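Work out the full structure, taking the sequences as your base and the hints as a guide.
Taken in order, these protein sequences are the chains called A and B. For the first sequence, position 117 matches number 117 in this note's numbering, and the numbering has no gaps at all. For the second sequence, position 187 matches number 187 in this note's numbering, and the numbering has no gaps at all.
Worth double-checking, as some hints may not be accurate.
Partial selection, computed: residues in chain B whose CB lies under 10 Å from chain A [unchecked claim]:
#1 P4
#2 G19
#3 Q45
#4 H49
#5 V50
#6 T53
#7 R55
#8 A58
#9 F100
#10 G102
#11 T168
Straight-line Cα separation of at most 25 Å, SDA-like style, residue types lysine to any residue; simulated pairs [stated by the list, open to error]:
#12 A:K34 with A:S5
#13 B:K35 with B:R55
#14 B:K35 with A:L52
#15 B:K35 with A:E134
#16 B:K35 with A:P42
#17 B:K34 with A:G173
#18 A:K34 with B:K34
#19 A:K35 with B:C72
#20 A:K35 with B:S112
#21 A:K35 with A:D56
#22 B:K76 with A:P42
#23 B:K34 with A:G177
#24 A:K34 with B:G19
#25 A:K35 with B:S5
#26 B:K34 with A:M94
Now the stretches of chain B that chain A is said to cover, found in silico as 3 or more residues with beta-carbon under 8 Å [as the list claims (entries may be wrong)]:
#27 8 to 15
#28 135 to 147
Bear in mind the hints are in silico, worked out from the structure with no lab data behind them. All figures in this text were calculated on a predicted structure; none of them were measured in a lab. For every residue, glycine included, the Cβ atom is placed at its ideal position computed from N, Cα and C.
Number of protein chains: 2
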Amino acid sequence: MTAPSDIEDLIGLMARLPGLGPRSARRAVLTLLKKRGPLMAPLAQAMAHVALTARDCATCGNIGTSDLCPICADPKRQTGEICVVADVADLWAMERAGVFRGRYHVLGGTLSALDGTGPDELRIPALVARVRDEATAEVILALNATVDGQTTAHYIADALEPTGVRITSLAQGVPVGGELDYLDDGTIGAALRARRQV
Amino acid sequence: MTAPSDIEDLIGLMARLPGLGPRSARRAVLTLLKKRGPLMAPLAQAMAHVALTARDCATCGNIGTSDLCPICADPKRQTGEICVVADVADLWAMERAGVFRGRYHVLGGTLSALDGTGPDELRIPALVARVRDEATAEVILALNATVDGQTTAHYIADALEPTGVRITSLAQGVPVGGELDYLDDGTIGAALRARRQV
Ligand SMILES: [Zn+2]
Ligand SMILES: [Zn+2]
Chain A
1 MTAPSDIEDL IGLMARLPGL GPRSARRAVL TLLKKRGPLM APLAQAMAHV ALTARDCATC
61 GNIGTSDLCP ICADPKRQTG EICVVADVAD LWAMERAGVF RGRYHVLGGT LSALDGTGPD
121 ELRIPALVAR VRDEATAEVI LALNATVDGQ TTAHYIADAL EPTGVRITSL AQGVPVGGEL
181 DYLDDGTIGA ALRARRQV
Chain B
1 MTAPSDIEDL IGLMARLPGL GPRSARRAVL TLLKKRGPLM APLAQAMAHV ALTARDCATC
61 GNIGTSDLCP ICADPKRQTG EICVVADVAD LWAMERAGVF RGRYHVLGGT LSALDGTGPD
121 ELRIPALVAR VRDEATAEVI LALNATVDGQ TTAHYIADAL EPTGVRITSL AQGVPVGGEL
181 DYLDDGTIGA ALRARRQV
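Below, the structure written as structure tokens:
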């Protein structure tokens with residue numbers, strides 16, 4: 001044995017988190033054991049609380065702690081624009097950027113022939129219904145610039161076509177601070193095709 | 001805002017774990033949020049349980065879930081040999097190696113002029129008392145081959161000298177599988193000085 005079995009169980013659960021292998025899970029648990037009062041007890045409590053209260057927003061699929069997520073419940077957010085993201089992580093990234101004032105629709109993934117992920121698993125029907133029901137002026141597709149992301153974007157554009165809603169997607173190009181020398185050919189190509197007059 | 005404040009609080013606490021920055025803490029919490037039933041709830045429960053039950057072993061300083069740690073409580077462990085380690089992590093590493101059948105003494109750090117860590121913070125007086133009280137044949141110093149580790153080893157050897165106990169330390173040399181080409185000069189020098197006849 002190394003640690004008592006309760007502690008080994010805890011290490012095993014921690015090791016299932018992304019970015020923590022067995023070795024770093026062990027190190028994280030040791031830190032917790034040394035800071036039982038100031039860190040471990042509050043962390044356990046915060047985690048239990050969120051595990052109990054977190055739920056998927058009935059409207060947009062974002063994670064919140066009530067039936068409507070904070071964004072859908074915020075009367076100051078514009079209702080006419082829906083930003084479609086694959087994942088809650090992407091929603092958080094958009095929010096960190098602080099440039100979008102509308103609402104979201106979280107797909108819960110992207111279409112993937114490999115993983116067998118089809119449209120029905122992705123809340124795409126819910127998006128179409130929402131665009132019909134709400135007075136939606138524009139749907140902004142904020143999906144990864146990957147094959148699956150772009151396949152999903154095309155699928156959604158087709159599905160939304162009958163609604164007549166305006167559909168846009170994030171621009172592709174040179175990232176801010178990006179050096180051409182380090183960019184892949186695809187990005188440079190996309191940036192050239194989307195070039196703007198200065 | 002990005003996530004609801006409860007979730008942001010959880011991310012903030014997770015980010016205080018070693019190996020998890022703000023970004024990976026966010027990713028870990030998202031994984032937890034997606035696996036609330038199978039992972040987040042059990043992890044919160046395991047953590048709360050360990051936070052409540054874990055305590056430092058009264059004899060050796062190892063972390064266990066009762067007054068005596070599993071090693072001190074195990075009658076099959078030899079009592080005549082005490083292996084001195086700086087930290088519980090080192091104890092776990094020794095136990096994983098599975099080569100030591102005696103008991104431990106966890107210092108809780110190493111002497112450090114920089115951090116202002118002196119002998120009294122390190123359970124060194126407790127070690128001396130223990131060597132006097134228990135029938136101790138040998139004290140094995142398993143400390144890091146760093147300046148602080150070796151300073152601590154020398155200090156302990158001096159403190160234990162009056163007891164007459166046999167004091168040894170882990171051998172320094174080429175690690176198993178180690179390639180000379182990649183070893184630092186200090187290790188090669190130590191290995192040469194400790195060379196053995198074949
Ligand atoms: Zn919502
Ligand atoms: Zn013990």
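Hint-by-hint comparison with the structure:
1. P4: holds (5 Å)
2. G19: holds (4 Å)
3. Q45: The hint holds - Q45 (chain B) has a Cβ within 10 Å of chain A, the shortest such distance being about 7 Å.
4. H49: This hint holds: H49 (chain B) lies near chain A, its Cβ roughly 6 Å from the closest one there, short of 10 Å.
5. V50: At 5 Å from the nearest chain A Cβ, V50 (chain B) passes the 10 Å test, so the hint holds.
6. T53: Holds, because the Cβ-Cβ distance from T53 (chain B) to chain A comes to roughly 7 Å (cut-off 10 Å).
7. R55: holds (9 Å)
8. A58: It is violated, given that the least Cβ distance between A58 (chain B) and chain A is near 15 Å, above 10 Å.
9. F100: violated (12 Å)
10. G102: With a minimum Cβ separation of about 15 Å from chain A (threshold 10 Å), the hint on G102 (chain B) is violated.
11. T168: violated (23 Å)
12. A:K34 with A:S5: Within the cut-off at roughly 18 Å; holds.
13. B:K35 with B:R55: Measuring from Cα to Cα gives roughly 30 Å; hence the hint is violated.
14. B:K35 with A:L52: Holds. K35 (chain B) to L52 (chain A) sits at ~12 Å (cutoff 25 Å).
15. B:K35 with A:E134: violated (31 Å)
16. B:K35 with A:P42: Holds. K35 (chain B) to P42 (chain A) sits at ~20 Å (cutoff 25 Å).
17. B:K34 with A:G173: violated (32 Å)
18. A:K34 with B:K34: violated (29 Å)
19. A:K35 with B:C72: Since the Cα atoms of K35 (chain A) and C72 (chain B) sit roughly 23 Å apart, the hinted pair holds (cutoff 25 Å).
20. A:K35 with B:S112: Measuring from Cα to Cα gives roughly 21 Å; hence the hint holds.
21. A:K35 with A:D56: Given pair K35 (chain A), D56 (chain A) is violated - Cα atoms ~32 Å apart, limit 25 Å.
22. B:K76 with A:P42: Status violated; Cα separation ~37 Å.
23. B:K34 with A:G177: It is violated: about 33 Å lies between the C-alpha atoms, which goes past 25 Å.
24. A:K34 with B:G19: It holds: about 16 Å lies between the C-alpha atoms, which stays within 25 Å.
25. A:K35 with B:S5: holds (23 Å)
26. B:K34 with A:M94: Judged against 25 Å, a Cα distance of about 19 Å means the pair holds.
27. 8 to 15: holds (count 4)
28. 135 to 147: As far as the stretch 135 to 147 of chain B goes, the hint is violated, because 0 residues have Cβ atoms under 8 Å from chain A.
Going through the hint list in order, the structure does not satisfy hints 8, 9, 10, 11, 13, 15, 17, 18, 21, 22, 23 and 28.
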